[in-house]
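These protein sequence lines are chains A and B, in that order.
Everything in the first sequence is counted per the numbering used here, starting at 1 for the first residue and increasing by one.
Everything in the second sequence is counted per the numbering used here, starting at 136 for the first residue and increasing by one.
No lab work stands behind these hints: they were computed from the structure.
Just to be clear, a hint being listed does not mean it is correct.
What the hints assert, rightly or not - Within a straight-line C-alpha distance of at most 25 Å, the following computed DSS-like cross-link-like pairs (lysine-lysine) qualify:
{"#": "1", "chain 1": "B", "residue 1": "Lys245", "chain 2": "B", "residue 2": "Lys224"}
{"#": "2", "chain 1": "A", "residue 1": "Lys108", "chain 2": "A", "residue 2": "Lys91"}
{"#": "3", "chain 1": "A", "residue 1": "Lys104", "chain 2": "B", "residue 2": "Lys245"}
{"#": "4", "chain 1": "A", "residue 1": "Lys104", "chain 2": "A", "residue 2": "Lys46"}
{"#": "5", "chain 1": "B", "residue 1": "Lys228", "chain 2": "A", "residue 2": "Lys108"}
{"#": "6", "chain 1": "A", "residue 1": "Lys36", "chain 2": "A", "residue 2": "Lys104"}
{"#": "7", "chain 1": "A", "residue 1": "Lys122", "chain 2": "A", "residue 2": "Lys108"}
{"#": "8", "chain 1": "A", "residue 1": "Lys61", "chain 2": "A", "residue 2": "Lys36"}
{"#": "9", "chain 1": "A", "residue 1": "Lys66", "chain 2": "A", "residue 2": "Lys46"}
{"#": "10", "chain 1": "A", "residue 1": "Lys36", "chain 2": "A", "residue 2": "Lys122"}
{"#": "11", "chain 1": "A", "residue 1": "Lys36", "chain 2": "B", "residue 2": "Lys228"}
{"#": "12", "chain 1": "B", "residue 1": "Lys228", "chain 2": "A", "residue 2": "Lys104"}
Said to hold, decoys possible - The following label-pair restraints were derived from C-beta to C-beta distances:
{"#": "13", "chain 1": "A", "residue 1": "Lys36", "chain 2": "B", "residue 2": "Glu357", "range": "37 to 45 Å"}
{"#": "14", "chain 1": "A", "residue 1": "Ser64", "chain 2": "B", "residue 2": "Leu187", "range": "41 to 49 Å"}
{"#": "15", "chain 1": "A", "residue 1": "Ser37", "chain 2": "B", "residue 2": "Gly226", "range": "50 to 58 Å"}
Using N, Cα and C, we set each Cβ at its ideal position, and we do this for glycine too.
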Amino acid sequence: MGKDKLGMLVGVLGLLVVVIPAVAHHAFVAQYDPSKSTTLRGVVTKVEWTNPHARFYVDVKDTSGKVTNWNLELASPNALRRLGWTRDILKVGDEVSIFVAPAKDGTKMANARTVTLSDGRKMVAGIAAEQGGAQ
Amino acid sequence: MRRDLACSMLTALSLAIFLVLSVTSAFAQGQPEPAGVNPAGGGVPMRSLERLKAKSAGPAPRTADGKPDLSGLWGPEPKFMGDISNALKPGEKLPLQPWAIKLTRKRLSKDDPNASCLPSGIPRQSPFPFKIIQTPKLILFLIEGNVHTYRQIFLDGSGHPKDLDPTWFGDSRGTWQGDTLVVDTVGFNDKFWFDGIGHPHTEKLHVIERYRRPDSGHLDYEVTIDDPGAYARPFTMYGQSPLLQNTEIMEYFCIENNQDVAHILGKGTPAKE
Chain A
1 MGKDKLGMLV GVLGLLVVVI PAVAHHAFVA QYDPSKSTTL RGVVTKVEWT NPHARFYVDV
61 KDTSGKVTNW NLELASPNAL RRLGWTRDIL KVGDEVSIFV APAKDGTKMA NARTVTLSDG
121 RKMVAGIAAE QGGAQ
Chain B
136 MRRDLACSML TALSLAIFLV LSVTSAFAQG QPEPAGVNPA GGGVPMRSLE RLKAKSAGPA
196 PRTADGKPDL SGLWGPEPKF MGDISNALKP GEKLPLQPWA IKLTRKRLSK DDPNASCLPS
256 GIPRQSPFPF KIIQTPKLIL FLIEGNVHTY RQIFLDGSGH PKDLDPTWFG DSRGTWQGDT
316 LVVDTVGFND KFWFDGIGHP HTEKLHVIER YRRPDSGHLD YEVTIDDPGA YARPFTMYGQ
376 SPLLQNTEIM EYFCIENNQD VAHILGKGTP AKE
């Protein structure tokens with residue numbers, strides 16, 4: 001395999017992991033800022049397998065030791081189920097790492113774009129930014 | 136030289152295999168990322184349906200009375216979600232009246248009825264499946280979201296009732312023209328938005344939908360909007376739904392835990408007009 005072909009393969013695989021979704025019932029870019037996406041690490045404190053979004057809450061400790069509880073939005077349970085999620089994938093007490101797009105209004109809410117579970121599995125979860133993202 | 140080449144090829148191959156394994160393990164749990172992410176929109180729910188599209192197998196089935204059978208679980212059409220002008224013929228624009236242009240620009244995403252879990256009306260779709268159940272005198276649409284609801288299309292030859300109260304889905308009457316189901320709907324309220332941008336309409340709205348099943352795996356439709364209250368002339372939009380398999384209509388009661396509205400700022404999509 002030549003460098004070009006390898007480059008192409010890397011590019012194609014890169015495309016596979018870039019997710020460009022929107023939300024089920026509201027405009028994503030009016031609520032979250034994907035340009036400020038960041039990774040949160042913490043312990044799951046609550047899971048809500050509800051519509052229009054499944055949600056989970058995570059205690060995140062900052063460098064000074066202060067703990068903040070984040071409210072993290074996933075896709076809806078019907079979509080998650082069709083993607084292979086089950087409602088027990090996230091459990092209270094699990095240590096997880098989440099790549100999130102934070103809320104624009106500064107509250108401790110975010111859209112969980114990918115979730116890395118305590119066993120290392122990485123789950124596509126929520127939303128990235130998308131033009132025409134209403135719905 | 137040849138050994139160097141072989142060595143670099145082996146390295147590249149190993150790297151490639153490593154990358155493939157990394158990606159496939161990352162998306163283990165039965166949720167591989169489909170390569171064909173639909174650029175038109177719909178997001179995670181749309182992607183969740185990609186691998187559930189049925190392979191088209193031959194002509195559309197027919198019912199005992201010889202009509203094409205539109206029954207089935209159908210996937211949504213993203214052109215009818217964020218901005219319905221995506222469903223026009225290329226180069227066309229929505230013939231909005233000046234007040235309707237102003238209102239579209241003014242509307243903010245937090246005021247989208249969908250964001251508050253109110254119905255989409257017609258022709259707006261959500262990135263969830265719908266099921267058609269066809270009988271000779273009545274066709275039902277079971278709509279997963281948003282909201283979780285239904286439509287009734289009466290084919291008993293009766294016309295629209297007089298003095299209809301304005302509603303989100305209006306009153307639908309169907310007829311067959313050859314292999315095309317023509318659905319005529321009036322009696323709408325003016326509360327729902329045509330799309331995420333907020334294209335408006337009035338209670339004068341009259342919708343004519345034409346459904347065809349060109350083969351077993353696809354449902355084609357044309358939707359003509361005639362609303363002299365908001366648009367300068369009637370216009371027609373075009374869409375197609377894929378037949379889905381290995382899934383069912385699932386619950387989507389959006390009102391259950393809707394925390395979003397208070398956090399929605401501004402407009403999700405700029406208007407084109």
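Taking each numbered hint in turn, which are not upheld by the structure, reported in ascending numerical order?
1, 5, 11, 12, 15
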